[in-house]
Amino acid sequence: MVSAAVLHLWVLAWLASVLAAEDDYHLVIAPQSPVVQIGSNLTAICMINNTTEVTADDLYWKLSEIIPKEHYIKINSSALNVTVTIRSEKSEWLFCSCKTESHYVVLNRGKFTHGIWLRKGYRPEKPKNLSCIAVQESDTISSNIKCQWEAVGHQTEAVPTNYTLFIRQTGDKIYTASILGPVNKTTVDLNLFPHHMELEIWVVAQNELGKEESEHLIKLANCFVKTKPPSVAVISEAVFPTSLVMSWNSSIDKSYLETIYEIRFCPLGSQKWFYVPLADTSRYIQSFRLQNLQPDTVYVTQVRCKYNNNNKHCGYWSDWSSNVTERTPEDLPKSKPDVWIITSEEGLNKRQIEFICKDPEFSNGRIRRFNIMIEKQKDSIRNGTWEIIPVNRSLTDGSSSKKQITPLKTITLDDEESVTVYVTAINSVGASPQAKLIISRKTREPPAVEKTEVQSHNGQLFLSWKPPNRTVSEYVVEWVSDGERNWQRENGKTNYTAIKGDLKQFVQYRISVYPIYGKLVGKPVLERAYFEQGVPSQGPIVNLSGDPGCYTAKLEWDEIPLIKRRGFITNYTIYYRSGTETRGITVPANTTSYILTSLSRNTKYDIWIKASTIRGSVNGSNHSFTTLKYAPGEIEGIVVGVSLGFLFVVLMTMLLCFCKKDVIKDNFWPQIPNPGDSTIGNWSPDYPLKAEAPRENCLSGISVLNVDVCDAKCVFEEDKASLPLKKDKYLSEEHSSGIGGSSCMSSPRQSVSDSDEGGDMADTTASTIQYSSVVASSGYKGQNPSSLPQQSIFSRSESTQPLLDCEENHDTMVQEGSRQCFLRQPCFTHNAGNENATDSNDFNPLEMEQQEVLDFCPLEEDTEHTAPADCQSDDWIPAPVSSYMPQLGGYRPQ
Amino acid sequence: MNGHVKNMHFQQFMETAATLLSLLLLMTVDSTKTVALSTNQQCGNLLQQTLKITRIVHKESGDLIKTYKAAQGEMSELFCKVSVNDIPDPNISGLDPPARIASIYTHLQAFLPHFKRVYKQQTDLQSPGSPLLKELTRVWGRTESLASFMNTFYQSLFPNLPIPEPAGGPTTLPPAQNVFQQKVYGCVVLKTYKDFMSNVSKELRNLKSKVCTKRTPINAF
Numbered sequence: 002m003v004s005a006a007v008l009h010l011w012v013l014a015w016l017a018s019v020l021a022a023e024d025d026y027h028l029v030i031a032p033q034s035p036v037v038q039i040g041s042n043l044t045a046i047c048m049i050n051n052t053t054e055v056t057a058d059d060l061y062w063k064l065s066e067i068i069p070k071e072h073y074i075k076i077n078s079s080a081l082n083v084t085v086t087i088r089s090e091k092s093e094w095l096f097c098s099c100k101t102e103s104h105y106v107v108l109n110r111g112k113f114t115h116g117i118w119l120r121k122g123y124r125p126e127k128p129k130n131l132s133c134i135a136v137q138e139s140d141t142i143s144s145n146i147k148c149q150w151e152a153v154g155h156q157t158e159a160v161p162t163n164y165t166l167f168i169r170q171t172g173d174k175i176y177t178a179s180i181l182g183p184v185n186k187t188t189v190d191l192n193l194f195p196h197h198m199e200l201e202i203w204v205v206a207q208n209e210l211g212k213e214e215s216e217h218l219i220k221l222a223n224c225f226v227k228t229k230p231p232s233v234a235v236i237s238e239a240v241f242p243t244s245l246v247m248s249w250n251s252s253i254d255k256s257y258l259e260t261i262y263e264i265r266f267c268p269l270g271s272q273k274w275f276y277v278p279l280a281d282t283s284r285y286i287q288s289f290r291l292q293n294l295q296p297d298t299v300y301v302t303q304v305r306c307k308y309n310n311n312n313k314h315c316g317y318w319s320d321w322s323s324n325v326t327e328r329t330p331e332d333l334p335k336s337k338p339d340v341w342i343i344t345s346e347e348g349l350n351k352r353q354i355e356f357i358c359k360d361p362e363f364s365n366g367r368i369r370r371f372n373i374m375i376e377k378q379k380d381s382i383r384n385g386t387w388e389i390i391p392v393n394r395s396l397t398d399g400s401s402s403k404k405q406i407t408p409l410k411t412i413t414l415d416d417e418e419s420v421t422v423y424v425t426a427i428n429s430v431g432a433s434p435q436a437k438l439i440i441s442r443k444t445r446e447p448p449a450v451e452k453t454e455v456q457s458h459n460g461q462l463f464l465s466w467k468p469p470n471r472t473v474s475e476y477v478v479e480w481v482s483d484g485e486r487n488w489q490r491e492n493g494k495t496n497y498t499a500i501k502g503d504l505k506q507f508v509q510y511r512i513s514v515y516p517i518y519g520k521l522v523g524k525p526v527l528e529r530a531y532f533e534q535g536v537p538s539q540g541p542i543v544n545l546s547g548d549p550g551c552y553t554a555k556l557e558w559d560e561i562p563l564i565k566r567r568g569f570i571t572n573y574t575i576y577y578r579s580g581t582e583t584r585g586i587t588v589p590a591n592t593t594s595y596i597l598t599s600l601s602r603n604t605k606y607d608i609w610i611k612a613s614t615i616r617g618s619v620n621g622s623n624h625s626f627t628t629l630k631y632a633p634g635e636i637e638g639i640v641v642g643v644s645l646g647f648l649f650v651v652l653m654t655m656l657l658c659f660c661k662k663d664v665i666k667d668n669f670w671p672q673i674p675n676p677g678d679s680t681i682g683n684w685s686p687d688y689p690l691k692a693e694a695p696r697e698n699c700l701s702g703i704s705v706l707n708v709d710v711c712d713a714k715c716v717f718e719e720d721k722a723s724l725p726l727k728k729d730k731y732l733s734e735e736h737s738s739g740i741g742g743s744s745c746m747s748s749p750r751q752s753v754s755d756s757d758e759g760g761d762m763a764d765t766t767a768s769t770i771q772y773s774s775v776v777a778s779s780g781y782k783g784q785n786p787s788s789l790p791q792q793s794i795f796s797r798s799e800s801t802q803p804l805l806d807c808e809e810n811h812d813t814m815v816q817e818g819s820r821q822c823f824l825r826q827p828c829f830t831h832n833a834g835n836e837n838a839t840d841s842n843d844f845n846p847l848e849m850e851q852q853e854v855l856d857f858c859p860l861e862e863d864t865e866h867t868a869p870a871d872c873q874s875d876d877w878i879p880a881p882v883s884s885y886m887p888q889l890g891g892y893r894p895q
Numbered sequence: 005m006n007g008h009v010k011n012m013h014f015q016q017f018m019e020t021a022a023t024l025l026s027l028l029l030l031m032t033v034d035s036t037k038t039v040a041l042s043t044n045q046q047c048g049n050l051l052q053q054t055l056k057i058t059r060i061v062h063k064e065s066g067d068l069i070k071t072y073k074a075a076q077g078e079m080s081e082l083f084c085k086v087s088v089n090d091i092p093d094p095n096i097s098g099l100d101p102p103a104r105i106a107s108i109y110t111h112l113q114a115f116l117p118h119f120k121r122v123y124k125q126q127t128d129l130q131s132p133g134s135p136l137l138k139e140l141t142r143v144w145g146r147t148e149s150l151a152s153f154m155n156t157f158y159q160s161l162f163p164n165l166p167i168p169e170p171a172g173g174p175t176t177l178p179p180a181q182n183v184f185q186q187k188v189y190g191c192v193v194l195k196t197y198k199d200f201m202s203n204v205s206k207e208l209r210n211l212k213s214k215v216c217t218k219r220t221p222i223n224a225f
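In order, the protein sequences belong to chains A and L.
727 is the number that our numbering gives to position 726 of the first sequence; each next residue is one higher, with no gaps.
189 is the number that our numbering gives to position 185 of the second sequence; each next residue is one higher, with no gaps.
The shape of chain L in the complex, shown without the other chains:
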């Protein structure tokens, strides 16, 4: 009797628990759906913002090259056709969106020391009020801002994935250069950066359809 009673009580408890669990599950699913929706919207906004900022940087980098060439004097067109080592690759690496976004971020970080060096070199070559220096500063700052924004974007999309730092430690800079080498170096850096930004723009347009529209389990990565 007691065992039956206990069994009965247990059965009733289990039914109640099952009901509650079902209800809880239902609420959880619904909540997940809402979160997914809001996350998608946020993703889209972030991605859109990132894309717009990238366009700005792309546009400003294009303007910067024109200004740079104009500031270097004769044969400036040839400077950019020379290959220089230790310049970040303009291509984005990685197979999946997180990797490619991380690649963008690391590339942006990798370009910053080069901007710093080019700025330093051009400070010696240009007058203090030179438009080149202003634009260089602007692109440099914009790159930092984009990198920061990309980090935020990455973390918002992939909160559980740490963003990788540039492989191989700090960026390697070329050794001391003469003026011609400096000019060639600066032009190559800027041109490479412009190409990179072009690639980033394309990448982000592609990511928009891959990252923010699919109801991808966010924690799967």
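Here chain A stands alone, though its shape is the one from the complex:
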């Protein structure tokens, strides 16, 4: 109530001062432009000034929208109060307006509205977690102190919070630094860092809504210091092989601040730090001796420091100093060297054994040499001598975490021999304990372990085995890859170990387990394994074995080199593609050749092979080939087959010809009756025979053709060429009865050609002569047309037999007298209605039939021009009844 009354009084007093300045406005709001806290209630009053046009009842309030009347309080007729809760963060206007619509109000609308700008914000909250730090610059501490804190609560842009950092130094000297806005750190410059003086530091957060102060941080100035790390030096002392002395210089003078130290160290390469207890170094010291270290080991050391406030821990640790390494002095080797063997076959019944050795686990120094003595077991006394194997190894090799393997000696041993080897390692201080190993006879090697198994798990390769029945003192697990060899020893009671070497991915290891009985080496058991398998880095290279066939091709490929195999090959897949069709065939991993079948002939194939491991597959290179169009020998077979077939046909033909020669002869060379054998000569007694005597021989080959209807027809069809001859003969007989006087007349064909090529007759007659004869059944048909028609027989020979001399002579002889007759060309036509048909009526029926087929043409036209004139020449000698003289001489087929 009191506060409300005070508020009213304040508002009225303020209004009294404002109203005078705002006479022009009839509405005035109080307070003007207030800063309001978000979440709190705002009370404002709207006063009506210098008007009676409106009353408090006519007023209304508007924020983002009209405020309901429930929030209004009417103070009097000219004042209206409103109370609203501020919720949003966004600043906005609060208006007081009049809803009356009188003329005056309408005309002076601006005077009847008044607004105030509400700036909204949050009250600042107490900053938390104030912390300050002063870092070292060069050899002193910077005068700038950097402080940061946690700004609690919210702030708005309209009402930002200003943070002021206060640092009060002894003597009430105060340094400040202010920063505005949502920033939570700042730096104060003290001009001079006040070592050993107390500082009081705090932060004040302030805005228009209030002010909050953080808790005061009261500490010695040195408690805010973070120095640079000290510079460290480490030395080793030869008489203390397990100790190193560290010394350092503080980065800042002791007068400024005393520091305590913390020390840590580790062997080089190790990530595990060993910390010296703070109780030993929590004082201002500048050296420290590290003890119980390993001899001949490089250690890395670091130191850091912090202000020592009488063991009241305050301040900041410096960063760790940079690494300082030092090697501890050497000491006597404290353990045996790790001697081992590499065995290989060397001829029949012999073994080659190479002794190799690792430095003792606690070599305590660089091994300079090994001493080795090999004793043969034949003798009961020691018969060996010590040999010195110098070790040339740099210092850095010895510092490597991986133990170096030194080859000691190689011997050749009979299978029936056994040896014992003794090895000691010597460093600069002395010799190690003696290591011993016994190589037994090969035939009496102690039993091996059983049932080994290798598994890769959790980034390690584990090997398990089943122990043999005998008591094993220890196991040697050896692994070899790409010429790298290593081994580790395991307790004789274990049957499971993880290989401790630095195994590589995708490399095949041959892992062997050797049981050691006492010092006697047992038989090994070998396993192959990958620490991690991968996809082969190279596919198999496929090639054709020989030439491809028509339908098959033999493929060959080499195994992928071990280094590129990167895993166990599970299978190969052979792909072959022709055109767009690709086929694949999967074959086992141990296959290196395959015969592709079912290929197409004369087709190009692309082939490649995919090698697969459990991790994936990789394709090999492509190889192309084309299958053959013909298989080898196929062409030869065809040629031979065709040849044989042809030969067969020829043979068969010949055989057929041979067997059927008579038929063929009959068909192709019909037998012409020998005119000599003809009875015509004899039959015609009127015919003088005196001329026959010299031609008897010539007529022996003449055949007599008995032309009947059938034969005539056949002849016509089979050899039409001969028909003109026949007709010619007939015509000759009819028109050139003089021919009959020429016993060696040329063939009818020749006679035909004679008409065309009369000049060549002599040559033609020299080549072939056809013999023909028309034998008139009724004797000679005279040229007298009135004479009765007589039946005649057409006899013919088409022999190409050269004429006999007698014939030629006769021809020559005849030609002289009857040349014109030979040139006369008989022409016949196959016209039954010939004008001369009347003449044919004189033929007998048989001849009539023949006449129908071979009807002679009188060739009147021709004969009108030639034949009649020639034939009726003066040389013409009337022929006897017989139209032809029988031709002598043999018959020769054409």
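Calculated cross-link-like contacts (lysine-lysine; reagent style DSSO-like; alpha-carbon spacing at most 27 Å): (1) A:Lys-220 - L:Lys-63; (2) A:Lys-174 - L:Lys-63; (3) A:Lys-227 - L:Lys-138; (4) A:Lys-255 - L:Lys-212; (5) A:Lys-313 - L:Lys-212; (6) L:Lys-138 - A:Lys-147.
No lab work stands behind these hints: they were computed from the structure.
Based on the hints, put chain L in the right spot on chain A.
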């Protein structure tokens, strides 16, 4: 009767008052003892802080002389062997701790104008980024701080004794000097100041046993 009664009442009152006074006295003594203990502790802390700050100033003044000599060129070693008037005495005067502490304070105050003058002179002689100027500024500021701290220390030890100002009024500075004189003057001031700080360190170590360990009635001075 009445007189007897009054006497009786008075006697009882006196007994009660005596008891109360005794109790009050006892409490006062105990309180004084506690205050003395806490005061001793505070004294020790203050003295220790003063001693540490003095060591810093001593160390920095030694570094400053080295830097100064290095910055002055040849014959710098000779500069410091020349005597100069009007330089504060490096020795601490006074017979008792308050006087000696006051002497320290007044000496520190007396050196400040000299530092100011040397700084001004060296500003003309050195480049602006010279280490000498930085160190000179640092020692100068450290001296002011030590003087302020010494004042606080003195007032905490001897709250009822006003700390004396330098005798004879403000520090007297030498007249205008040439460059050589300036160099000699600066070196002598710094060397004297270093000697003075050495003496202060010794004095404060001695004071520790005299001032803060004895249950000296604080208000006796």
